[in-house]
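Position chain B with the ligand against the provided structure of chain A, taking the given hints into account.
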Amino acid sequence: MKMIEGNEKLQPPTIPEVLRKAREDFPILKREVHGKPLVYLDNAASTQKPQSVIDTITRYYGHENANIHRGVHLLSTEATAAYENARAKIARYINAADSSEIVFTRQATEAINLVAHSFVEPIVEAGDEIVITHMEHHANIVPWQLLCERTGAILKVVPILDNGLLDTEAFHKTLGPKTKFLSFVYVSNSIGTINPVKTLLDAAKERGIPTLVDGAQAVQHKTVDAQSLDCDFLVMSGHKMFGPTGIGALYGKRSRLDGMRPYQGGGDMIAHVSFEGTTYKEPPSRFEAGTPHIEGAIGLGAAVDYIESVGRDVIESYETELIAYAIERLKEIPNLRVVGDFEERAGAISFVMENAHPHDIGTILDTEGVAIRSGHHCCEPLMRRLGTVATARASFSLYNNHDDVDAFIEALKKVNTLFG
Amino acid sequence: MPQDPKDLYKRILMRHSKEPRNRRTIEGSSSEAFLANALCGDEVTMYLKIDNDQLSDVSFNAQCCSICMASASMLTEKAKGSSQESTEKLVRQFLKEMREEEDDFLFDESEDLYALKSVKAFPSRLRCATLPWEALKEALSAVDQK
Ligand SMILES: Cc1ncc(COP(=O)(O)O)c(C=O)c1O
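Chains A and B supply the protein sequences, listed in that same order. Here numbering that gives the first Met the number 0 is used: the first residue of the first sequence is 0, the next is one more, and so on. Here numbering that gives the first Met the number 0 is used: the first residue of the second sequence is 0, the next is one more, and so on.
With the rest of the complex left out, here is chain A (with noise of 0.2 Å):
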């Protein structure tokens, strides 16, 4: 541990409590990579798993395992009661009004894409206009990008500024009579920039227009409460916040879920079925075509429980300040310069070194056992308009703590020794 005297923000942050023993609860934290501990800073990449996820879903296939919403015997009925139970624990933790407004995706994409196959195509016409802004996923995208080409549409770009905020000035004036959708990310995956969520919901309600929150960076940091952001939609992904793979969740305010023509066909998403034609389920089985990934769902509601006994405000505050730790401490690397100019960070940090490439650093970081990711991070606009092609990223989880800050800072030291 490192401290220097008279700069009190190089003091590292007390772990809370709830925290001290968390390390222990993620079995993988124990691994070495190449002879060193595991410093896992790859977290916006996706999060470790704590045993009780793991537990939950060896316990639903050596107890629980059956089909669901199908068979009368006892084992269905136990694992359908286990999978809309991961329904509801969903719905609270993002404070949705009913459990029927979750609906269970593979991930965060397969949210977005079901919203725009479900709900824009079918209410724009060729002109009309989405918006998004620069500092979107490919996720965030593509999907658009997809739609407008079958429809005609036009999609809108809100410019961010040279700090790596968004233009919150251009962004009003992007909305105009035209714009059908408005589609945004809370929190960046690739600098860490919080947006101005509420403002940008208020604006693009007070023109009717609807909106989706790209959650995926944002609900395993902060509280995130989907009433009182008044978004239509949101979305997330499960292995991003403790849970499994394969599983996500889209919330969409029942009142539009009920208008909306189903995404994929298939068993469990119909009333009726015949020839002559066929009636669809109410939300959310509407939207959940086929057998779903039922340990998946299952394991993340093992996930938010997992959250929830930490709690997120603790989270959020310990994160943040372990953040505001390791900017400080990268100031004693020369030659690197942390992307993105503000002081409010959620989860990311990203940076560039004069010397290195960031595909170099982050061999080195790896074969000293930190891991993080180098590249695009799935923004390629947004890291042009930063003039870059590929950034380091570091990013936190509630588990870090400043032993892992101070092996990321030694490492880094090995790449000025490297590269010189």
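Hint data in this document are derived by calculation from the structure and do not stem from the laboratory. Just so you know, these numbers come straight off a predicted model, no measurement behind them. Treat the hints loosely; a few may be bogus.
The calculated lysine-lysine pairs, modelled on DSSO-like cross-linking and capped at a C-alpha distance of 30 Å, are [to be verified]: (1) K412(A) / K88(B); (2) K5(B) / K412(A); (3) K177(A) / K119(B); (4) K9(B) / K413(A); (5) K413(A) / K116(B); (6) K79(B) / K35(A); (7) K29(A) / K5(B); (8) K9(B) / K330(A); (9) K116(B) / K79(B).
Chain B with the ligand alone, transformed into the frame defined by chain A:
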């Protein structure tokens, strides 16, 4: 065996990445090819000029990591002055050996290119080393189609 970055970032490699040879465009090239690695954003364009079946000039432009830069630099040095056919063969051989686990390597210690052998121990960086070669392969086959 622990991976040691010093094995990867050998002096020769660092020299080529910091002062790459033939990093320029060729006006009036016989062929050129651009390739990008979507994973990390590396971008390379290879240019070549052919006179009487000989590669009279080979060059590149790139925005990329040190491994990719060094690989491109060394490749241009090697290919310049060789025949088109022997270069095609060399590129094919290199790409094959980089993919394989075996210890054989087409370059020996007397050549700068030998430094790329160490990349084989870093699977996540293989593509960095091969990208310029793949681009040259494309540029060469584009010549054939002309
Ligand atoms: C902000 C944001 N949106 C969407 C996604 C897509 O997530 P997934 O690949 O899990 O659908 C990510 C993943 O990195 C992200 O960070």
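Hints versus structure:
Pair hint K412(A) plus K88(B) does not hold up; C-alpha atoms about 42 Å apart against a cutoff of 30 Å. Pair hint K5(B) plus K412(A) holds up; C-alpha atoms about 14 Å apart against a cutoff of 30 Å. The straight-line distance between the Cα atoms of K177(A) and K119(B) is roughly 54 Å, outside the 30 Å bound, and the hint therefore fails. Using a Cα cut-off of 30 Å, the hinted pair K9(B) and K413(A) holds, with the two alpha carbons roughly 15 Å apart.
With a C-alpha separation of about 23 Å, the suggested pair K413(A) and K116(B) falls inside the 30 Å cut-off, and the hint holds. Distance check on the hinted pair: K79(B) and K35(A) sit about 43 Å apart at the alpha-carbon level, beyond 30 Å; violated. For the hint pairing K29(A) with K5(B), the CA-to-CA distance comes to about 26 Å; that is within 30 Å, so the pair holds. Proximity of K9(B) to K330(A) is assessed by CA-CA distance (about 28 Å); at most 30 Å being required, the pair is judged to hold.
Under the criterion of a C-alpha separation no larger than 30 Å, the hint pairing K116(B) with K79(B) is consistent with the structure, at around 21 Å.
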